[in-house]
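Protein chains: 2
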Amino acid sequence: MDTEEKTIPDIIVGRLPLYLRALQSMKNEGRQITSSQELAERLGISAAQIRKDLSQFGEFGKQGTGYTIVYLCKEIQKILKVDRVWDMAIVGAGDIGEAVARYQGFTNRGFRVAMVFDNDPEKIGQKKGEFIVQDASQMAEKIREAGIRIAMISVPASNAQEVADELADAGVKAILNYAPVSLNVPPDVRLQHIDPAVHLQRMTYYL
Amino acid sequence: MDTEEKTIPDIIVGRLPLYLRALQSMKNEGRQITSSQELAERLGISAAQIRKDLSQFGEFGKQGTGYTIVYLCKEIQKILKVDRVWDMAIVGAGDIGEAVARYQGFTNRGFRVAMVFDNDPEKIGQKKGEFIVQDASQMAEKIREAGIRIAMISVPASNAQEVADELADAGVKAILNYAPVSLNVPPDVRLQHIDPAVHLQRMTYYL
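These protein sequence lines map, in sequence, to chains F and G.
Everything in the first sequence is counted per this note's numbering, starting at 1 for the first residue and increasing by one.
Everything in the second sequence is counted per this note's numbering, starting at 1001 for the first residue and increasing by one.
Treat the hints as calculated values from the structure; they're not laboratory data.
Be careful, since some hints might not be right.
Here are the simulated EDC-like pairs of lysine to aspartate or glutamate, each with C-alpha atoms no more than 16 Å apart in a straight line [stated by the list, open to error]:
#: 1; chain 1: F; residue 1: 128; chain 2: G; residue 2: 1095
#: 2; chain 1: F; residue 1: 173; chain 2: F; residue 2: 87
#: 3; chain 1: G; residue 1: 1127; chain 2: F; residue 2: 95
#: 4; chain 1: F; residue 1: 173; chain 2: F; residue 2: 135
#: 5; chain 1: F; residue 1: 123; chain 2: F; residue 2: 135
#: 6; chain 1: F; residue 1: 127; chain 2: G; residue 2: 1095
#: 7; chain 1: G; residue 1: 1128; chain 2: F; residue 2: 135
#: 8; chain 1: G; residue 1: 1027; chain 2: G; residue 2: 1038
#: 9; chain 1: F; residue 1: 78; chain 2: F; residue 2: 95
#: 10; chain 1: G; residue 1: 1142; chain 2: G; residue 2: 1169
#: 11; chain 1: F; residue 1: 127; chain 2: F; residue 2: 95
#: 12; chain 1: G; residue 1: 1142; chain 2: G; residue 2: 1122
Could you build the full structure based on these sequences and the hints that come with them?
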């Protein structure tokens, strides 16, 4: 089967970052070899599922020998296209935007915050993390110039759709939305949401 | 079929908070009636899927008349057990913990931050949002006394498992984990993760 032609289900793609995160922490622990069983225990995903998921992309381990951690890390990074560093824009320099701008967890994971925008005159020019907040009215232009493809929206829910439209127009192809509202984006733009209340409500059902 | 006996797939439970969020914003817009078609457009989920999901829990609308927004909001709140306000603890008063402590998005969604803990002597006693940061060494006791069932972990990855163990021992049954690491919890504890790099890597695959 030609892997170039094959469409991998998004649910499988969604598990690769978890595998990568676990492998990277094993690497940081100085480990060299792991197994689908060990990954399964760390991740709460079955070893069979992990082997099946990885086999969609190639053959990365040997029966009985396991996976070489550094090698499998590199391969998954290539698959997820995070064997490079993507510049990102943050739109909305409130509490969440600032926390994301200062977030250390992007390092070595393929991302770098490159610019922060807000439309509040009191915030424009202020420093958030290492960034000077820029005027949102120049956002589209700055993003287009820099060729930025990834943005995070951390504006109030009422402005989020408008910002998403502008980002899509400016060439952004992946949006991580922190505003507590669903957004409509063109079919060629990927969208993910982070809304802690949604995550929490999914758990209270079971309490 | 007895709905008391029926186990609803978690994927359906996971969509209810999205329906509720959309219905609540319609309510805030002063709207009274909606349809599965309108919800579908807002959410990017098919109308048939929405009708099927809701039908798992009862009959909430009439063919041709649609759904009464206030009524459906209340019913979904009951199903998700957010027709009450849950007190939550935040563990880790760094940037993320502080942003969550100050987050306005929990209001009217069933949650209230009640306490914030950290183990850093420089942070203990400081104000984060409306909260005085408390000493993490007293966390288990305080959580048990207050009967808190929900907690958010926003400590470094290296401490997150230890904190999760302590929370589970203290009676917490739902954990929202912001630390970029998978956690093991007892089977009666629910766990959800927020890791922006994981969300982003899931999108870069397609770029």
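Now for the hints, and whether the structure bears them out:
1. F:128 with G:1095: holds, 12 Å
2. F:173 with F:87: holds, 12 Å
3. G:1127 with F:95: OK: residue 1127 of chain G and residue 95 of chain F at ~15 Å, within 16 Å.
4. F:173 with F:135: violated, 21 Å
5. F:123 with F:135: holds, 9 Å
6. F:127 with G:1095: Cα-Cα ~15 Å, so holds.
7. G:1128 with F:135: Distance ~28 Å between residue 1128 of chain G and residue 135 of chain F Cα, so the pair is violated.
8. G:1027 with G:1038: holds, 14 Å
9. F:78 with F:95: Violated, at about 33 Å.
10. G:1142 with G:1169: It holds: about 12 Å lies between the C-alpha atoms, which stays within 16 Å.
11. F:127 with F:95: Satisfied, since the Cα-Cα distance of roughly 13 Å is no more than 16 Å.
12. G:1142 with G:1122: Outside the cut-off at roughly 20 Å; violated.
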